[in-house]
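Enquirer: Spelled out from the first residue to the last, the chains are:
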Amino acid sequence: MSVFPYLVAAWLLGIGLWGVISSRNYLHLIMCLTVLQGSTYVLLLSVGYLSHAKAPIFADITTKSRVTDPIVQALTLTDVVVEATIVAMLLALVIQANKRYGSIDPDEMRRMRD
Amino acid sequence: MSQLAPLAVGIPLLGAALLAAGHKLLGRAGSDLLALGLALASAVLVLILLVHVGSGLSIYWFGGWHPRQGLAVGIDFAVEPIGAALAAFVALLMVVALLYSAKTEGVEAPYYHVLMLTFMTGMIGFCLSGDLFNMFVFFELMSVSAVALIAYKVREQAAIEGGLNFAVINSIGAFLFLLGIGLIYAHTGALNLAQIGRTLSHYRNDRVVVVAFALIASALLIKAAIVPFHFWLDDAYAVALAPVCLLLAGAMSEMGLYGLGRVWYGVFGPVMGTQVHVVRAILVGAGLLTAVWGSAMALQQDHLKRLLAFVTIGYVGIFLTGLGLLTADGVAGTGVYVLADGCGKALLFALVGILQHRFGSVSQQRLHGRARGLRVTAAMFFAGGLLISSLPPFGPFLGKSMIEDAANKVGYGFVPPLIVLSSALAGAAVLRAGARVFLGWGEPSQQDAGGADEQTEPETEGQRDRTPPLMLVSCGILLAGTIGFGVWFGFADLAETAARRFISGSAYQAIVFGRAVGRIHATSASPAWYDWLYCGGATLLAVGFAALGLFGRRWGAGKLLDLGQRAMTPVRLVHTGRIGDYTAALSLGVGILGGLLVVTLR
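First to last, the protein sequences are chains E and G. All residue numbers for the first sequence refer to the working numbering, where the first residue is 2 and numbers rise by one. All residue numbers for the second sequence refer to the working numbering, where the first residue is -9 and numbers rise by one.
The hints are simulated quantities; they were obtained by calculation from the structure and are not laboratory data. You may find that some hints are simply not true.
Incomplete in silico selection of chain G near chain E, CB under 8 angstroms [what the hints assert, rightly or not]:
(1) V127
(2) E151
(3) L154
(4) V158
(5) G172
(6) T573
Note that the Cβ used here is the ideal one computed from N, Cα and C, for glycine as well.
Excised from the complex, chain E in its bound form (with noise of 0.2 angstroms):
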């Protein structure tokens, strides 16, 4: 097992934190908090990884063979899903934002504010 795809993962969550903290657009705010999202499907689909071993679906291959894990596979699954109601529900807003006040630069909605 590599220390290559924790060090990914760790990337990840650093460039996604830094795009996030640095953003100037709330879409492109959005888009790196996907990037730091990324960070946790690498995270898990490594932890359950295995060299030469095959796809955990027993249709045509025996209970006995080499398999990945299937669990990190399924709680990535989940977090896709999960993370996709959230992420709709952001745009969902900054759409609005955008409808009534025709930005969506964070400083200048609330420059219009004051």
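With chain E's structure known, arrange chain G on it following the hints.
Expert: For chain G alone, coordinates are given in the frame of chain E:
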């Protein structure tokens, strides 16, 4: 009897789906009634579970996947008394909130009802879940519903911003939670709390465990809004509808702390035993900082909901202090305090909702003296202010004195004075606002705290002549709750017994793996004389601070007030309203927590 647990979650979820599908048949009144009925059904189910479980633990295995050969691979609901009590509290609070919002304008059937029901489902599921990943899923269900409810008044810019702040920060929290779950799964190959705890007990404490704990704890502290993770809270609570605020302030903030207690005692506590002093110091330190920070910020606010949001932050800080003592007494005190104070904060939000309904504003400056005619509302508001500043011998007093005693027992003698300070400041903020709005005392507040957004949000609904009786009835129920938890003889003993069960990770594991564990019964010492002194003192101080705030300038203490204002300036300036800044603070907090735990690892 444990079969009832999934029903308590399934019934409102299914009901919400049916409501969404069939709202045309039901109309507004039907939606109100159905939602109310579903919430009530959940409440009854959870209450039956609570009575049945007593001081024990009741496990429900989904699909009958019981542990085999000492290995738990199934997913379970683990109902223990504190979780069941919290779930029951959530459901009852939801009943009150739906009663409060019944027949009011400004909410639309069925969207509002569906969201409220899924919100409640998420919270109840979170309380009952015995599986780390299911905790995450319910945590997210709760967050998604909360985002939609917070940004409900989507025509207002502040509502959009509040919703975005909440959603982004809490999503980052969710990712941290999941990263922590991934690490702990990699380490133990398990997701069931009891199974993880049992596997970890064969290991030594190491960096993976500590980092996983730091990540999961950060996620839960973000939900609880502990400094420096708290910035999203006031932006969100300030814009949410009043009935939603009832649940947000009364229950959602506390969910994070409940989760923290559950993962600490069930999973990490035993293996991280060598670091227990460090964890205690960090949690109590963060709790006290939050307690004082939130309450001090509450005094700076003109916007009533924002004021109460900061009061909420302050009180969550006290809860974390109690929980963070990591003793049974601390947990028991926190439990009592959460229920009593949750009612108190919900009451205040509900009363502010009445002001908003009547006068279309929640600004102290605009409402100055205008609410003179609302006698009942005023009386309840002042009662609420006195109660949350821990007026003996009612609910918040009982909880707080238990926490203070627990702190003295572990040698943290500096905790009680700081808690007194925090509740005095929070009480003062509420009482001063009440005196301005309901009595017209003092000059109209001039402060321009935290930017101009404090004067925004003119409610479109305009002015009305009467308060709907259902709103007042709901407030009455909440007031009765705040008072009742303190004068209910034997409540403290029940809490103490439940807390003993809660902190025993080994007994939890034993029961999950099918072994019987003896019943326990504990009694709680009644509040000592100095508790009466402390808490009575806090109430008196609150009244004093409020008076100083109202008449200080007339009494020639203007310099003192200006000094206080100036001292708070940097704290106010940190609350910028920018997601980027909040995320930076959050990252710093995670870094500090993880760093401290890794550095002190032996």
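Enquirer: Can G/V127 be said to touch chain E, with a Cβ gap under 8 angstroms?
Expert: 7 angstroms, holds
Enquirer: Can you verify the interface hint for G/E151: is its Cβ closer than 8 angstroms to any Cβ in chain E?
Expert: Since the shortest Cβ distance to chain E is 7 angstroms, the answer is holds.
Enquirer: Using Cβ atoms only, decide whether G/T573 comes closer than 8 angstroms to chain E, and label the hint accordingly.
Expert: 5 angstroms, holds
Enquirer: Measuring from the C-beta of G/L154 to each C-beta in chain E, is the shortest one below 8 angstroms?
Expert: 5 angstroms, holds
Enquirer: Against chain E, with CB atoms and a cut of 8 angstroms, does the hint on G/V158 hold up?
Expert: 6 angstroms, holds
Enquirer: Regarding the hint that G/G172 lies at the interface with chain E, is the smallest CB-CB distance below 8 angstroms?
Expert: This interface hint holds because 4 angstroms falls under the 8 angstroms limit.
In the structure shown, no violation is registered for any of the earlier numbered hints.
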